[in-house]
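Quick one: dock chain against chain with the hints and give me the complex.
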Amino acid sequence: MSFLENYAFYIGAFGLILIGLYVILVKHNLIKVIIGLAVLDTGVNLFLISVGYITEGTAPIFSGSETDGQQMVDPVPQALVLTAIVIGVAVLALALSLAIRLYHHYGTLNLREIREQKW
Amino acid sequence: MRKTISIILLSIVAVGMSLSLAKVPFGQPKTKVGQRYIDKGVEETGAVNIVTSVVVSYRGFDTLGEVTVLFIAATGLGAVLKIGKREAAAIEPASFVLRTGCRVLFPLILVFGSYIFIHGHLTPGGGFQGGAIVASAFVLIYLGCRERRISETASTTLESLGGLVFVVAGLIGLAVGGYFLLNFVPKGQPYSLLSAGIIPVIYIAIGFKVGSELAGIIDNLIEEST
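The listed protein sequences correspond, in order, to chains P and C.
Mapping of the first sequence onto my numbering: residues 263 to 381, in sequence order.
Mapping of the second sequence onto my numbering: residues 584 to 809, in sequence order.
Derived from the structure by calculation, the hints contain no laboratory data.
Note that CB positions come from ideal geometry on N, CA and C, so glycine has one too.
Wrong hints could be hidden among the right ones.
[Claimed, not checked] Facing chain C, from chain P, some residues (calculated, C-beta under 10 Å): (1) Y272; (2) P337; (3) L344; (4) V348; (5) V353; (6) N372.
[Said to hold, decoys possible] Here are some of the chain P residues that sit facing chain C, going by a computed Cβ distance under 7 Å: (7) G274; (8) F276; (9) Y284; (10) T320; (11) G326; (12) D336; (13) I349; (14) I362.
[Stated by the list, open to error] List of simulated lysine-lysine pairs, DSS-like, C-alpha gap at most 30 Å: (15) K623/C <-> K770/C; (16) K586/C <-> K294/P; (17) K623/C <-> K289/P; (18) K770/C <-> K289/P; (19) K665/C <-> K294/P.
Here chain C stands alone, though its shape is the one from the complex (with noise of 0.2 Å):
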């Protein structure tokens, strides 16, 4: 009975969105939007990452709506399972080959994501993607040598202080230019590292946020399963 009521529903739903997806071409320009910042974004911003010239300058404040959104999601995770928290059972250790490969390994990644947030405003990448490489190299932690914690301050502080800098610099733009997220630092030379006034700061900010936040969730989920 059930099912019967959900497809009629969902073959409503179906042709409805088939109607009105076919006046929607597939593989043609549709908006001007996107052309224009592909035409004007590295002259105006100095990224040549037009997508990261998107997410942090053009788009910057719903970037700051989705940051909090994600952080809205982390507190939430804590806060729902740290009702009625019950001791940590005794771990049994992982063994050797694991331990030595999980060491090896975490610095690697952990430079390799930073790599892909410093970068941002030059290669394919940025703050979330950097920020979830960053967040991998955890769970390898948790995974192979099962022991270890992260420290709870630590990554509050460190999500704190990038939503922090995000917050700032935007208020700096503020009070200096008349409008929030303003570029005030002189943009340089493009393709260079050190181009593109604010934007590689608030990506490294993000970069943290994103990374201290979603190992937070996988702290909070594993303490949970032991």
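One chain only, chain P, in its complex shape (with noise of 0.2 Å):
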């Protein structure tokens, strides 16, 4: 039981990480493949997050109050990720615009169908 209260955060970033790269691999459809690039970032994130985490600790800004010279979590994680969900929103902006070419140029979002594609 400890196990699982230790390790759950990661074990969940890291299911979400496998089930998008799963996706990537398996999936023919580009917008399925578009949606587990999603999903790969999320897990990405949640594990950045996770191991930044410090048990009872509370969000790095200090406030005034006296709950300020308690333990706070490390906020170098947490910088990171803020920069990074906004990147992933621009990026899976350009991927479905990537995406709407290919269907205007090709007629379909099928992989299997599109010429020059090996995998």
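Next up, the structure:
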């Protein structure tokens, strides 16, 4: 039980990463592959945040109250994930626009039917 | 066949990751640098939100790179979608209730978004989050008042100005004190709005930049779909 309590966040985060990788490797539909990328992105963000977590830690923001002296969680992974989320949205939009272009050009989103597509 | 190969590959990855992660304890401090930022952050940068002081001050150069990645993604999307642009079809106007509702809500969401990025050094939030909220106001405009369009010149001007303010603030630090992004403005009293030197200035610039970039992305995608 304590194993689950200790590693639940890691298991969840890597579960998301593996699901995302599986979708990217197996699915034929381009939209599903992009959804897999988004799930993978979420998994990486969750993993970074859970590495920085400290038991009983509060948010790393001083508010002038008596809780300030207590343990705070690591601010560095939070700062990384903060920017990674916004960049993830922009990269997702770029991937979707490429999918729109491919659809206009080939008339299909099935990766098997798009020429010169090896995998 | 492909599924079997993928599952074998993924299980190898999973075993490798679980072996390496078994040595990383959950919920315990792992780095000294995080604690260093918490202990000295308020004193050194004047910002009480330590995440903000890490994003804009300690790792401000990283953030400049990340803002550049965002810019390239937005520009690339515009370039990919601009090829062979068709004439926009006539849009059926939304109902009266929807139009009035979005007109009432639009300024309120803008004010909330600007509150989030102006107070980035004091409360949870900052330029990236506030910019995303500002962009959500433009999603509302596109869904509710469908005939309205934001001016492309205004959005690109705001975006360039935001990036320019960030770089110029960093270069002034280089000229005054010898290194990029030096906090050359007096830090002021912590917990007050006018504190933390150039951190609020840069975060407001990031807010404008992210907001106009995400609004431009939405604009491009919606023009493509009509």
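Hints, verified against the model:
1. Y272: holds, 5 Å
2. P337: holds, 4 Å
3. L344: holds, 6 Å
4. V348: holds, 5 Å
5. V353: holds, 5 Å
6. N372: This hint is violated: N372/P lies away from chain C, its Cβ roughly 14 Å from the closest one there, beyond 10 Å.
7. G274: It is violated, given that the least Cβ distance between G274/P and chain C is near 12 Å, above 7 Å.
8. F276: holds, 6 Å
9. Y284: Given a least distance of 6 Å, the restraint on Y284/P holds.
10. T320: violated, 10 Å
11. G326: This interface hint holds because 6 Å falls under the 7 Å limit.
12. D336: holds, 4 Å
13. I349: Hint on I349/P: holds, closest Cβ of chain C at ~6 Å, below 7 Å.
14. I362: Holds: closest Cβ of chain C sits about 6 Å from I362/P, inside 7 Å.
15. K623/C <-> K770/C: Cα-Cα ~14 Å, so holds.
16. K586/C <-> K294/P: holds, 15 Å
17. K623/C <-> K289/P: violated, 49 Å
18. K770/C <-> K289/P: Roughly 54 Å between the alpha carbons, so the hint for K770/C and K289/P is violated.
19. K665/C <-> K294/P: Between K665/C and K294/P the Cα gap is close to 24 Å, so the pair holds against 30 Å.
Checked against the numbered hints listed earlier, the structure breaks hints 6, 7, 10, 17 and 18; every other hint is satisfied.
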